[in-house]
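Chemist: When you get a sec, could you build the whole thing from the sequences and use the hints?
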Amino acid sequence: MNISVDESGNQSVKDPYPFVIGIAIIKDTRRYEQGYKELLNELNLKKVFKYSNDSPKKDKPYDKNIKDQFINFLSSNIISVSVIIEKFEDIKNLAVNVYGKVVAHYIGKYVAENIAYSDSISVYYDRNPLLKASDKQYIMNNFHNWLRIAKVLKPRVTVYLEGKDRDIWISASDYVASLTRDYEICSENGFNPQKYCELVNEWIDKLSPCINFLTTIEIKNI
Numbered sequence: 001m002n003i004s005v006d007e008s009g010n011q012s013v014k015d016p017y018p019f020v021i022g023i024a025i026i027k028d029t030r031r032y033e034q035g036y037k038e039l040l041n042e043l044n045l046k047k048v049f050k051y052s053n054d055s056p057k058k059d060k061p062y063d064k065n066i067k068d069q070f071i072n073f074l075s076s077n078i079i080s081v082s083v084i085i086e087k088f089e090d091i092k093n094l095a096v097n098v099y100g101k102v103v104a105h106y107i108g109k110y111v112a113e114n115i116a117y118s119d120s121i122s123v124y125y126d127r128n129p130l131l132k133a134s135d136k137q138y139i140m141n142n143f144h145n146w147l148r149i150a151k152v153l154k155p156r157v158t159v160y161l162e163g164k165d166r167d168i169w170i171s172a173s174d175y176v177a178s179l180t181r182d183y184e185i186c187s188e189n190g191f192n193p194q195k196y197c198e199l200v201n202e203w204i205d206k207l208s209p210c211i212n213f214l215t216t217i218e219i220k221n222i
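The sequence shown begins at 1 in UniProt numbering and counts up by one.
What the hints contain is simulated information worked out from the structure, not anything from laboratory work. Here the structure is a predicted model, which is why all the values come from computation and not from measurement. Treat the hints with care, since some could be wrong.
[Unchecked claim] DEER-style ranges, computed between Cβ atoms: (1) D59 with M140: 33 to 41 Å; (2) E33 with S12: 17 to 25 Å; (3) S187 with D59: 17 to 25 Å; (4) M140 with P193: 43 to 51 Å; (5) D119 with S12: 38 to 46 Å; (6) S52 with N221: 14 to 22 Å; (7) R156 with P16: 39 to 47 Å; (8) Q34 with G190: 36 to 44 Å; (9) R127 with E42: 39 to 47 Å; (10) P129 with K58: 22 to 30 Å; (11) A112 with K14: 22 to 30 Å.
[Said to hold, decoys possible] Subject to a maximum C-alpha distance of 20 Å in a straight line, what follows is the list of computed SDA-like cross-link-like pairs (lysine to any residue): (12) K220 with R31; (13) K132 with K109; (14) K195 with L207; (15) K101 with I84; (16) K109 with S208.
Quick reminder that beta carbons are idealized off the backbone N, C-alpha and C, glycines included.
Modeler: Structure below.
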């Protein structure tokens, strides 16, 4: 089983907009990989799907709807999980808890509830400048212990912390995090033109992420 993790938003407490962790639990890696490549060919795209690059964008809501087609694909191939974090301090102060304990908790929760047993779990993170080398080592050494299902099912867990956005697995969690963040902004303030928020609402209904809320205060005490 492959799972990817990405984030969207500014980690600084001074930034008023949401910070979101996106987790994509890929149901069938072979089917996902094959379908991903077929969709790229169908749309005549040479690069991987990336939310910030794909159309339509906020300032051009009437451009070709690439996002919609990839979200349609994701909706039948992944379980999407979002964690919206309310910031009372910079995320970088809690990097190990956010990217280690919180991610492991929600992976364990939703894998246990939705997926049949897998004897091997690979977790792919986008490259993250907030994590120091010692943080990465600590997460890799302890992730298995934080993963609730590991105590019962005992899968082999491998964590990859040197990922990059140009990766077909990271594409999924990039979309989960970024779409959830846009949805929160649309719910609170909206974008101009409003048409983009109408699209965001359609996409969120299709993807149906499991949205969770935490504060940095709660995360600090994990």
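Chemist: Against the earlier hints, flag every one the structure doesn't satisfy and list their numbers going up.
Modeler: 2, 6, 9, 11, 12, 13
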